[in-house]
Every structure is written in C-alpha cells, then in structure tokens.
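Knowing the structure of chain A, use the given hints to seat chain B on it.
Going down the list, the protein sequences come from chains A and B. Residue 885, in UniProt numbering, is where the first sequence stops; the numbers in between run on with no holes. Residue 355, in UniProt numbering, is where the second sequence stops; the numbers in between run on with no holes.
Everything hinted at is true.
Keeping only pairs whose Cα atoms sit at most 30 Å apart, straight-line, the calculated DSS-like set for lysine-lysine is:
| # | chain 1 | residue 1 | chain 2 | residue 2 |
| --- | --- | --- | --- | --- |
| 1 | B | Lys34 | A | Lys536 |
| 2 | A | Lys139 | A | Lys201 |
| 3 | B | Lys34 | A | Lys39 |
In short, the hints are calculated from the structure, not lab data.
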Amino acid sequence: MFTDFLSFMVLFNFIIPVSMYVTVEMQKFLGSFFITWDKDFYDNEIKEGALVNTSDLNEELGQVEYVFTDKTGTLTQNNMEFIECCIDGFQYKHQDASSELDGFCVTDGPVSKLHQKAGREKEELFLRALCLCHTVQVKESTEQCPDQVDGMSNEVDCLGIDGALSHPQERRGFIASSPDEIALVKGAMRYGFTFLGLESKSMKILNRSNVVEKYELLHVLNFDPVRRRMSVIVRASSGDTLLFCKGADSSIFPRVRKEEVDRIRLHVERNATDGYRTLCVAYKLLSAEEYTQADAELREARLALQDREEKLMAVYNQVETGMSLIGATAVEDRLQEEAAETMEALQGAGMKVWVLTGDKMETAKSTCYACRLFQKNTELLELTVRTLDDKDRAREDKLHELLLEYHKKAVQDAPPVKAGVTRSWSSASQDYGFIVDGASLSMILNSSPESSNSRYKNLFLQICQNCTAVLCCRMAPLQKAQIVKMVKNSKGSPITLSIGDGANDVSMILEAHVGIGIKGKEGRQAVRNSDYALPKLKHLKKLLLAHGHLYYVRIAHLVQYFFYKNLCFILPQFLYQFFCGYSQQPLYDAAYLTMYNICFTSMPILAYSLLEQHICIEVLLDNATLYREIAKNAMLRWRPFLYWTVLGLFHGLLFFFGVWYLFHNPALQDNGQVFGNWSYGTIVFTVLVFTVTLKLALDTRHWTWINHFVIWGSLAFYVFFSFFWGGIIWPFLRQQRLYFVFANMLSSVSAWLVIILLILLSLLPEILLVVFRKPRGPHSRQSLPVFYLLLSSSPTVTIHFPIPMSSSSLKYSLVSMCSTAAKMLSCLLPWHVLLMTAAPPSTKRTCMKFNAELQHYQTEREREREREGVRGGAGQQCPDGVLFA
Amino acid sequence: MITAMMASSYNAKEEDGHHSGAAGHGASAVKSRKPDNTAFKQQRLPAWQPILTAGTVLPAFFVIGLIFIPIGIGLYVTSNNIKEFEIDYTGVDSNSPCYTCARNFSFNSTTSCTCSLNFTLDQPFESNVFMDDSQLNGDPSALKAPSKECEPYRTSEGLPIAPCGAIANSLFNDTLKLYHVDSNGTMNEVPLVKKGIAWWTDKHVKFRNPNGNANLTIAFQGTSKPVNWRNPVFELDPSDPENNGFINEDFIVWMRTAALPTFRKLYRIIQKKSSTTPTLPSGRYILSVNYNYPVLSFDGRKRMILSTISWMGGKNPFLGIAYITVGSICFFLGVVLLIIHHKYDNRNTSADIPN
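So that you can see chain A by itself, here it is in the shape it has in the complex:
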C-alpha cells in the first residue's frame, strides 16, 4: 500500500514543475545581463553603465506601483542657477557667462519691446537689491568645498570655475540657508555686482565700475514661510535709508503699487510655469522719520517678552508696505536630465510618485512643479506644520479635521478611477497633490497610542493613494523608510521602488521592494545598497517601462507555460492509470519522462523568456500607458492561470483520448501487426512535444534566429533522439522498451495521421483566440501607414500609429488628414478626444496644425449652435484635439 503511494508519487511528481525553478533562475540570471549590457544606460560623464546587484527582481520592475524618489541629487542636480530676471518689465536673460560677462542680453520676451532696456538706474538698483537683500555669508577658501549634504539647512556652494572668471576673488564660497540666495548673489555677480561680504554691520559691494560701495546693515527682517518674504534695511554711504524686500510674488504684489505689478506679473507667471523659482524684488526709500519709527518699533518688538513673534510680524508687515517693485528673478534648481519626462512617463504608466526629501517645503514644491509632478490644475492638499498651527486648537484636533476634510475631498468625492485614461486630458476629474512634512507625519504615524492612531494612518494612506503625487518634505532618513514601509504593507501590498543617490536614502532603498541607486556625486553608499544602480534618473524610464515590462511578461509567461506543459504531460499519465488497473505503469518511457523537461521543451521557453518582445522597446517607451496593462500582476492572476490550466487539461485529455480511440484497434500497420503500450505512449508523447513547442511558437511575437534555432532544433532533436534511443539495444539496460518503437510508429500511416490531427486540433482554439483577439494597433509592427480608427460607442477615438513608420509618410498621412478633418468630423460627432498613441515626436508639429483645424471647426460649430440656440455640451461633442499618449 505504501509502496503504491510512493510509486504514484514518483510517477506524478512532474506535476510540480521542479525544473521550472532551474529555468526561472537561469532566466533571471541571464536576463539581468541585458540590463548591464544596455548601452542606453551608459553615461559618458561617469563612464559607467547600469549595475545589477541582484537578478531576483527583474520582473518586479514591471510591477512597480509606487515610486519613492529622493529630491536633491536625484530629481535635481542640486545646482541652483540664476536664469533670468525682469527689471521694470524688461526681460534680461543671461545667455553666456563667459562671452558677455558684463553686458545684459536682451531676448525677445512676450511683452518686451525689442532691444530696449530699463533705465540704467533701475538696473543698478535691482542688482544692488540682489546683492544686499540676503543673509549670505562669504567664505574665503582656496580649497574645494565639502560635499553638499541633502537635508541640511546650511548649503554650501562653491564659486569657482564656473563663476566669474575675471574677478580676483573668484575662489570664494558663499554660505546661505538656501541655495536660492547664493544663486541670486551669483547672478548679480554675473551682471557686475559682486557681494564682498559683511564686515562689522557693513555690506561691501563691488559695482560695475569696480568701485567698492559700502552699506550699513541696519535691520534684517527675517524670512519666514508665512510672510514668504524677507527684507533688509540698509543705509547707503550717501545717507539714504533703503529697504530692500524680496519674496514670493503673492506676498510682494499686494504691497506695491498696482501699475507696477502688471508689467512684471506676466514674466513671473511665465517663469513659474517654466518651473523656475521666482522671487520678486521691491524697494522703498525710507525717510528719516519713517526709519526712526520703524527702528524703534523693531527694537521694541524684538525685546518683547510676550508674543514676540506676533509683534515682530506686525511690525514687519507695517514696514513692508508702500514699496515699489523693481523686478523679478527666476532661479532654476537644475533638474536632472529628462527628469520631467521621466516623471511624466512614470505617472503615465500608472505609478504614484512620492517625493521624499529632507528639504523644506517650498523648495521641494517648486521641484515638483518643475518635474510636472504637480501641474497647474493640481489641487494641493497640505498637511504641514504651517497648516496645522492654529491658535485656537491643538495640533491633534486640527490634524484630525484636516485629514477628514482631505479624505472627503480626495477619496469620497473623487469619481471612480477610469482605467487607461491619462490624466492630461481627463479634465473632468480633479488631480490632487498631497504635501506632508516630517513633523505632521510623525504625528500621524506615532503620536498617541490610542486607537485613533491607526485611523489617522488609514485616512492618510487613502488620501495618498488617491493623489497623483505626494510630496513629503523635511524627512529624516528613517522617516523615509517608515513611509515606504507603510505603503508597502498597505492593502494589496503594492510593489514599491525607491530611488536615491545619497547615504540618507539607503534606509528607504533597503526598505522598498526594489531599490535603485543613482551613481551620483554623493559617494557609493546608495549604489552599494541598491538592487540596481543607474547612472542617471532618466534611465529609470527605460528600466521600468521597457526592461521591467518585458521581464514581467517573460517570466509570467514562463511560469504559466511551465505549469501548462507539465499538466498536459502528466494528465495522460494519470488517465492511463484508469486503464491499466492502477498498476503504476508509466505511459512514457523513462527516458522520455526524464528528458521532457530537460531537453525537449526547456530551450524554447528559455529562449522565449530571454528574447521575447511582444511589444517592441520603442513602443513601450513611447506609450507609458502600456505599463498599466500588466499592473497588479495582471498576467499571473486567476483568470490567466485558469486559462492555462484549462488549456493544459484540454490538451492532456485530447492527447490521451485521441490515441485511445485510435487504439481501439491496435492493428495499425499495413501488415496487420499490432502496437503495444510503448507505442501508445510514444504517440502521445510525440503529439505532446510537438503541440507544446508549437504552442510556444504561436505565442512568440519576436522571432529572432535564436528562437527559430531552439524551437525547430528542439523538435528535430526529439525526433533524432527517439530514433537513436530506439535504434540500439542498450547493453546497460535491462529493458529495451523503446526498441524500434518510434521507427515502427512512423511506418504506420494511421499513426502519422493521428499525430497530425491531434496537433492541429489542440492548436486550433489557440489560433482562433489569437485571431479573434482585438487587433492591437501599437503592438503590431506593420510597414504600412494605416490608421486604425476604432469606431465604437465610446466617445474616444484612438488613432494608433503602427510603429515604426517613416516620419515622412506619417506626415503625409497627417496632412491629408488635416485637409479632411472637417469632413471627417462632420460624420464623427460623438467623439470628443482624439488620442494619438505612439506618434513620433517629429510629427507633433503637423499634429498642431491638425489641432488648429479642429479648433477652427470647433468654434464654427459653436457659432452654429449659438445661432440655433442650442446650449451646452459643445465641448463634449467636438474633438478636443490630438493628444499624445
């Protein structure tokens, strides 16, 4: 009895595909080489490519739902740069520091009168303001500056090689609490005003004509995030008392004269949308009386014992009024190469991007805008110390209230998420961005040990999950890991990815499922602790969208295929037991049993799982939305698994009973000789090997010579091996079961016919499924420039461009499309969006033309509607234009 059990164990052990583990490991190990080999990951600057520290996570790259990124050094290069300024409504853009060091370059801004400049006095006033209104300290140094450390408030910037070359004091460092101030001082220096330092309450400036000007620093009205501005009061050598103020536009504009604002506002808004950090500069000439009053009030407020903050604030607000606006500045925290594109692609791929940074909120927020993580229409939900501070109530209550409010906004009122809709044109649903800082986060996570604690956490998570982007600022390194852990353990346990470059990111890199280190300037800590190391942030896009996607599809297919092929291998064996008196008689010969997974069917699937590109890499990179198709383990869920299981069952039953019917009369040879049980097994096995291999051939979308070689090679090897194995009396074997069985089988016409029939019949449903599956435009690679216009009842029309397509032919098609756009639209009214997928960028201009046509048509239609007196719904009925997905 027990021996029977053991025999069956041996007989059926193939149902657990042990060989799968070997193949999977091999696939992972060999597959990871493709990441190392990818020359797109090679960076010329550091002369290194990608580094793969583990080969276990290739497929996880295709499943990432949350991306946690560090800001400084990862999203940004952490180099603030003065980009342009606007003085009195005229735009000054510094084009080339070395060639026009002393001159102002005027570029044609949208409003500027060409080649006109503001008055020289205004210019100098503006530059003096830049030089004076800050808290920068000069650090004389001949040595290299120490590395900048993310999260520290004291940022040190070096002014060396890229700074002003003509000055003798070029080797000087500036120290300031914010890199913006340094950028501004440096910017002023480029225009000829150099800040020399603060010595005993007097600020020295080297002006354009190389004359040192001295200003006595009377008061510094410190920056604070509520006022969002700072001021200095200085006394010039001429005796004038001046107040210089710089700050965010929203805090400056109400305090200056209205007529000045309009000229500058345009510039500021344009700069802001470009992702620059903008500051406005204003000044005020204080009369002696005004100064003495302000001076007295300031001193009094500073010395106040009670409510000092409030009193100071009141004085500040009082002093900073009636100023006149001089200009505005635009400073860029230079983003990493293609940071915005990368972030957009990640969001398009359905990933939630969280920025975790130690920086302060304003800086981080502007970076988020620059990276297009937050967009203009994104509604920001703020949960920071600033919003929590309320005079009347404790922070705890306020936190509770805010959380509930945001939850209502973002979770309860939000419409159900529509799959596959890119947010850029789903105007109906509001995007939310969530901002939280370290202090509030620690309140949420571990404030009180009450039951409400976990409730906060849940609320917080739900809000975050409904936001397109989340910004966590003022984070300690451990807090970063805490956040990652919280998301990782949330419902559905999403796959998380952390990317960072510094030692402070190590904890979060280690915590996330996939940790990615940037081979940045901050040493090797992150790289060494990561799973993958990339030279640049921009490489993340290809790593996830192309490599991750492909690896996931490959391994998912590999796993499913293995279960399938072993199921239809063992099922006939199982069924045979009912026909052989449960005698543990094997259906297949021992050699076949052993070789099936090792030789006959292993190579094609390995080649498939290394080389398959069901969608070619360019298309994957162009269509971030394709990533959503495999999100949430789409290929390894119950449905596909059931499909493969049913397929395996079907094939197994077909193989066994097909041959069973044939063996009702085992006299299958033309001389009347009969076939025995080994012939039976061999026929089943032959059908099995061919079907299983051809099934994979049907699934292969990317036939390289290697695929051809292994697929046809495996089949040839099977035939060769069977002849060989049955052709010799093996001296070391006690049993010659297969002696001439295979050759005899092939000498029977009936056996041939049944083999062909069964192979075809088992593949028939598969072929039909492929044919009847929806034709997927961007997946296919056809040479013909065909538009697939999928007319359906849905109000979206998708124009798929089969890729690759020569841009000229596409252009031609598009132009002809434009000319017929109106005609087209007249018959296709219920669409409101034309989504153009996978269009090469070169054709965007042509598409703009198309858009213009559409707009023209739209306005005409609206006019028509007005004439007819029909109201509303116009936007819904007319195409919005061509959008790029």
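Here is chain B on its own, set in the frame of chain A:
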C-alpha cells in the same frame, strides 16, 4: 568646479572600502566598461514578427479543410470496406470449460486479400508488466539470474524461470484452427501463416535465444518453465524448430504488452493464394479452439476476429470520422473568418480617410 567635486567624491568612494589602486585601474578599465553595441546585447536582433489575423489564417483554414475532408472520406471508406467477423468463444459455464469447441459461421470475402486472424482479450491489466529484456535478448547471465523485478515469477523450485515475469507467465495458449466446409460437407483446414505476426526487429534483434539457435534444450538447461506453462519455452512450437525458444512469434507478440485492458493481438495471417481467387471464398467455416487460457476467473472475455487488412491497418472508423469532423470545422471556421474579415475590412475602409 565640477571636476573638483567629482574628484572629491571619488576619494570618498575609495575610503568607503575600495582598494586604493582603484583609481588607476578604473581609468584603464573605463573603455571596456562601455557595453558592446551588438544587436544581441542591445536586444535588437533582427526579428520576424508574425501577426496572425483573420486574413492570414483564413487561407490556411480553407487549405486544411480541403485536405482533411478528402483524407477523412478516404479513411472512412477504407475502414468501412474492411470486413470483420467476430466470435466470442469465452463460454459461459466456468465448471465445464470448453476445451475443444467448434463454431459454425460463414465469412464472405469476394476480393482477394490478406486476412488476419486476431484474438481479443478483455482482461484487467497485469499489475507487473516487467519483463527482463536482457534475458529475452539471449544474455546467458541474465538467463540464469533474472532481474529481481520479475518477482514473483522469478524462480520456481530453485531454478530461474525462463522467460521470467508475470507477462510471460500468462502467455496466451489457446490454439485456433479454421476449417472451410465444402459444399459436400468435408472440412478443409485453412492454412494459417504464423510467420510475420511479430515485428521484424523484435523477431530478429530484440529477442534472441541463448547460444544462438543451437540446441535449445541444452541452452535452456538449468532453467525452469513458467508456472502456468504446459511446455518449456523451447518446445513452444513442435512443428517448426526455428520458431522455438524466445524467438517464438506467438511469444513475441504476447510480450509486446498491449496498451489497454481490452486488446487485440495478431494470431495468424491468411495469405492470399493468387490474385484471382478469393482468399476466403464464401461458405461455411468452422472455428476449432483448443481452450487452454482461463479467463472466467477474472471475468474476461475471449474473442476471435477475422479481419481483412488495409493500408491503414485494421478497421477503425475513428480516424475517418475525426478527419472529416476537423476538416469540416476548419472549413466552417474559414467561412466565418471570411465573413469577419470582410466586415472588418469594410468597416476599416469606410472609416479610413481617403488619401
């Protein structure tokens, strides 16, 4: 400044634990670290990307349909033309097994053909189908020491059994004879050929007698006959000394174990005499059975089947029907696909912008 900073970070890296020679080594290895721009490594091997669409699959379906249906009809007709005659001679009463029973029947074969006489058994599968192929191949050492897996039919009375194993032990040993009854009542025995009923390779390569075909009595000395057998293996066919021992064709046919519990094996062949006279002229025939093989103990059945043989073997309508069915399905699907293709095409062209 950038270079200065990079230099400093590089130093930091060295301090992190890299060996100090890394800088120089790194500089020389810089070139080689760039990934090769080969098609394989960049996953850009030229590839054929077949797309199965209704249009491409459609002709294949029609072709399959058009090929399969004629084949199926051919198979079906061939199978139907095969004449088969079956007698169940198991007997009912287990107490009085019919040792020599004769049955009358008439068989009508107008054309000249090779006919086969088969027997069919309906018996549960042997639980141990092991046979010692080394022994059967004439290995003298295996003859004297059969494989352990032959148990419980390995030794009898201290001597090794040749051939050992349960399968050999249960050798079918009924004798069937066919008589043609003349118009005047005399019984003429129909000549049954016993050569060529086993696979050629089995008869000539796989099954060998020990010491060649010399004196089999001596060759099999020191072995015992299987328990159920009446005669030892070297006396299986008294009429033909070349057909004895392991190369006895009845034995070889039996040793090619059947796949299913109800099985049919070739017993004898009736050769055609000439192309003009029918092999078995119509008339009365008598089957005489020497009943040795007990089946009633396990509720088995025994049947004699007289059948003609064609290019596809014995009668089996399954293949013909299957081919016709699959062919028709393919053809039908071809039509369906054609309609779909046509419609899809129409829709596509109507929506497409005229270029």
